[in-house]
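Asks: Protein chains in written order, with our numbering: chain A, 1 to 226; chain U, 1 to 245.
In case anyone wonders, no lab produced these hints; they're calculated from the structure.
Don't take every hint at face value.
Said to hold, decoys possible - The list that follows gives simulated cross-link-like pairs (lysine-lysine, DSS-like), each with its CA atoms no further than 27 angstroms apart:
no., chain 1, residue 1, chain 2, residue 2
1, U, Lys22, A, Lys197
2, U, Lys37, A, Lys31
3, A, Lys31, U, Lys90
4, A, Lys197, U, Lys237
5, U, Lys240, A, Lys147
6, U, Lys90, A, Lys159
7, A, Lys217, U, Lys237
8, U, Lys22, A, Lys159
9, U, Lys90, A, Lys6
10, U, Lys37, A, Lys147
11, U, Lys32, A, Lys59
12, U, Lys197, A, Lys6
13, A, Lys198, A, Lys139
14, U, Lys32, U, Lys22
15, U, Lys103, U, Lys22
16, U, Lys103, U, Lys32
17, A, Lys6, U, Lys240
18, A, Lys198, U, Lys37
19, A, Lys152, U, Lys117
20, A, Lys152, U, Lys90
21, A, Lys147, U, Lys237
22, U, Lys37, A, Lys152
23, A, Lys6, U, Lys117
24, U, Lys103, A, Lys152
25, U, Lys22, A, Lys6
26, A, Lys217, U, Lys240
27, U, Lys37, A, Lys67
28, U, Lys232, A, Lys31
29, A, Lys198, U, Lys224
30, A, Lys197, U, Lys37
31, A, Lys31, U, Lys224
32, U, Lys237, A, Lys198
33, U, Lys117, A, Lys147
34, A, Lys6, U, Lys214
35, U, Lys22, U, Lys37
As the list claims (entries may be wrong) - Stretch-level coverage of chain A by chain U, calculated; a stretch enters the list once three of its residues show a Cβ under 8 angstroms from a Cβ in chain U:
no., segment
36, 10–21
37, 33–47
38, 51–63
Using N, Cα and C, we set each Cβ at its ideal position, and we do this for glycine too.
Letter by letter, the chains look like this.
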Amino acid sequence: MDNKRKYVIPGDVVTTGPFRPEQNVVLEGNKIISTTIGISEIYDDSVKVISLTGKYIPKINDLVIGKVISHTSLSWELDINSCYVGFLPAQDVFGRDFSAHADELTSKLKAGDLVAARIANFDRTRDPLVTIADRDLGKIDSGDLIKISPSKVPRLIGKRGTMIQTIETATEAVITIGQNGWVVVSCESPEGLLKAKKAIQMVNEQAHVANLTDQVKEMLESKGES
Amino acid sequence: MGGRESTLVLLDENGIRCDGRKIDEPRRIMIKAGGLKNADGSAYIEFGDNKILVGVYGPRDVHPKHMSDTDTGILRVRYHMEPFSVGERKNPAPSRREIEISKVIKEALLPAVMLEKFPRTAVDVFIEVLQADGGTRCAALSAASVALADAGIPMRDMVAACAAGKVADTVILDVNNEEDQAGQADMPIGYMPSLEKVTLLQLDGVLTPEEFKKCVEVGVEGCKIVYDLQKKALNEKYFKNGGDQ
Numbered sequence: 001m002d003n004k005r006k007y008v009i010p011g012d013v014v015t016t017g018p019f020r021p022e023q024n025v026v027l028e029g030n031k032i033i034s035t036t037i038g039i040s041e042i043y044d045d046s047v048k049v050i051s052l053t054g055k056y057i058p059k060i061n062d063l064v065i066g067k068v069i070s071h072t073s074l075s076w077e078l079d080i081n082s083c084y085v086g087f088l089p090a091q092d093v094f095g096r097d098f099s100a101h102a103d104e105l106t107s108k109l110k111a112g113d114l115v116a117a118r119i120a121n122f123d124r125t126r127d128p129l130v131t132i133a134d135r136d137l138g139k140i141d142s143g144d145l146i147k148i149s150p151s152k153v154p155r156l157i158g159k160r161g162t163m164i165q166t167i168e169t170a171t172e173a174v175i176t177i178g179q180n181g182w183v184v185v186s187c188e189s190p191e192g193l194l195k196a197k198k199a200i201q202m203v204n205e206q207a208h209v210a211n212l213t214d215q216v217k218e219m220l221e222s223k224g225e226s
Numbered sequence: 001m002g003g004r005e006s007t008l009v010l011l012d013e014n015g016i017r018c019d020g021r022k023i024d025e026p027r028r029i030m031i032k033a034g035g036l037k038n039a040d041g042s043a044y045i046e047f048g049d050n051k052i053l054v055g056v057y058g059p060r061d062v063h064p065k066h067m068s069d070t071d072t073g074i075l076r077v078r079y080h081m082e083p084f085s086v087g088e089r090k091n092p093a094p095s096r097r098e099i100e101i102s103k104v105i106k107e108a109l110l111p112a113v114m115l116e117k118f119p120r121t122a123v124d125v126f127i128e129v130l131q132a133d134g135g136t137r138c139a140a141l142s143a144a145s146v147a148l149a150d151a152g153i154p155m156r157d158m159v160a161a162c163a164a165g166k167v168a169d170t171v172i173l174d175v176n177n178e179e180d181q182a183g184q185a186d187m188p189i190g191y192m193p194s195l196e197k198v199t200l201l202q203l204d205g206v207l208t209p210e211e212f213k214k215c216v217e218v219g220v221e222g223c224k225i226v227y228d229l230q231k232k233a234l235n236e237k238y239f240k241n242g243g244d245q
């Protein structure tokens, strides 16, 4: 069997034989069984299934978009569209000389603010630790938030970023994609913004369709002429 | 238990049952994945005259907090019958029977779901029986597995369920309400076809060891029929525009 892609659902036997089970598959005897609804991919020595459903599970180094829920005197809590809340310590924003008495957390981030953050640390025992101390991270001041299914984020980015580049060049919009399925779009022109949003929704709804990049391109161009 | 006296002919001389089915024929089954917008996953099943809607939430935060487990996620199941689901109005408060069925379905699903991937979270399954006609626990279990798969909860296999039983000294597949009331035995079976494992097996009635074996065999065959329909329902929702790539 070569690198054949197949639609699978839980319990389907993806393949049999000496393969390394990678993502969303389990080894039962010599059968490799899918554990989720998705598309199976078989490589030379490994097998994986790309999931089409499910919630976002944090991974270290993922870029996510979070919404501030609340804060304590030492940290903020972020809704990162997952079953866990993101934990953003105050030192990360104020620096090492942060003092709980002198610094007011709400002066930097208030409940309801959107932030681009990176998952700094996450293991099974604690809530994910996020950081905004990096280039391109931090509070998001402008743009529209679009929520898509987290499992469709790879599709929106496309192979080596082709899909997102197509949308960005056609609409001149700036798009920030969080791995958790939240996307922020900002654009100078209102038409570009609308078109970009429409394109993102189109990817979300038709993620399983082949040749989607061409279809999105067609949609973007056809609207441009009229 | 020994079967009540009744004027109803459960099995005639041609091997046709009271609702016109053959002894190894299930009722009409229709399963639909999805349908509820606000739930993370959902499914609807029509199993003969049973109509059941299932919604799944999660994995999500556990409330109350003390129920959470640091090693694994937890599964919570609520089986509930609507007041209008049966002939005489049913009190909507959870009854002894509903609490038991909730527990039984939860334990039938646990071997399939891989909750250890989500420590400190809960997966909630809400089962609402809109119309009941015997065999609701099997239908509810089948629909719950589809809803869990729809929610993207990792599963080793889907659990398919079907009942077998005994009426007029004959082993039959898929016991309906009349056969359950007047028959001699009812055996609901939950089964994971790819792994060939039984996750639910109950028995109400008396069977000889031979009949017991026959009943399990017949029930498992029924589960395989249900399993194909579960797969079809999910394929229809997710891969409608195109077959294998």
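Asks: Would you check the hint for lysine 198/A and lysine 139/A, treating anything up to 27 angstroms between C-alpha atoms as holding?
Replies: 25 angstroms, holds
Asks: With a cut-off of 27 angstroms on the C-alpha distance, tell me whether lysine 147/A and lysine 237/U pass.
Replies: Since the Cα atoms of lysine 147/A and lysine 237/U sit roughly 21 angstroms apart, the hinted pair holds (cutoff 27 angstroms).
Asks: Hinted pair, alpha-carbon criterion (27 angstroms max): lysine 217/A, lysine 237/U. Please report holds or violated.
Replies: Cα-Cα ~26 angstroms, so holds.
Asks: Quickly compare the C-alpha distance for lysine 198/A and lysine 37/U to 27 angstroms and report which way the hint goes.
Replies: 20 angstroms, holds
Asks: When you check the alpha-carbon spacing of lysine 197/A and lysine 237/U, does it fall within 27 angstroms?
Replies: This hinted pair holds, its Cα atoms lying about 24 angstroms apart.
Asks: Between lysine 152/A and lysine 117/U, does the CA-CA distance stay at or below 27 angstroms?
Replies: 20 angstroms, holds
Asks: Is lysine 22/U close enough to lysine 159/A, meaning Cα to Cα at most 27 angstroms?
Replies: Roughly 54 angstroms separates the two Cα atoms, so the pair is violated.
Asks: Tell me if the straight-line CA distance from lysine 37/U to lysine 147/A falls inside 27 angstroms.
Replies: 14 angstroms, holds
Asks: Assess, step by step, whether the Cα of lysine 31/A is no farther than 27 angstroms from the Cα of lysine 90/U, and give holds or violated.
Replies: 47 angstroms, violated
Asks: Is it true that the CA of lysine 37/U sits at most 27 angstroms from the CA of lysine 152/A?
Replies: With Cα atoms ~17 angstroms apart, lysine 37/U and lysine 152/A stay inside 27 angstroms; holds.
Asks: When you check the alpha-carbon spacing of lysine 237/U and lysine 198/A, does it fall within 27 angstroms?
Replies: 22 angstroms, holds
Asks: Does lysine 6/A pair with lysine 240/U here, judged by a C-alpha cut-off of 27 angstroms?
Replies: 14 angstroms, holds
In the structure shown, a violation is registered for the earlier hints numbered 1, 2, 3, 6, 8, 9, 11, 15, 20, 24, 25, 29, 34, 35, in ascending order.
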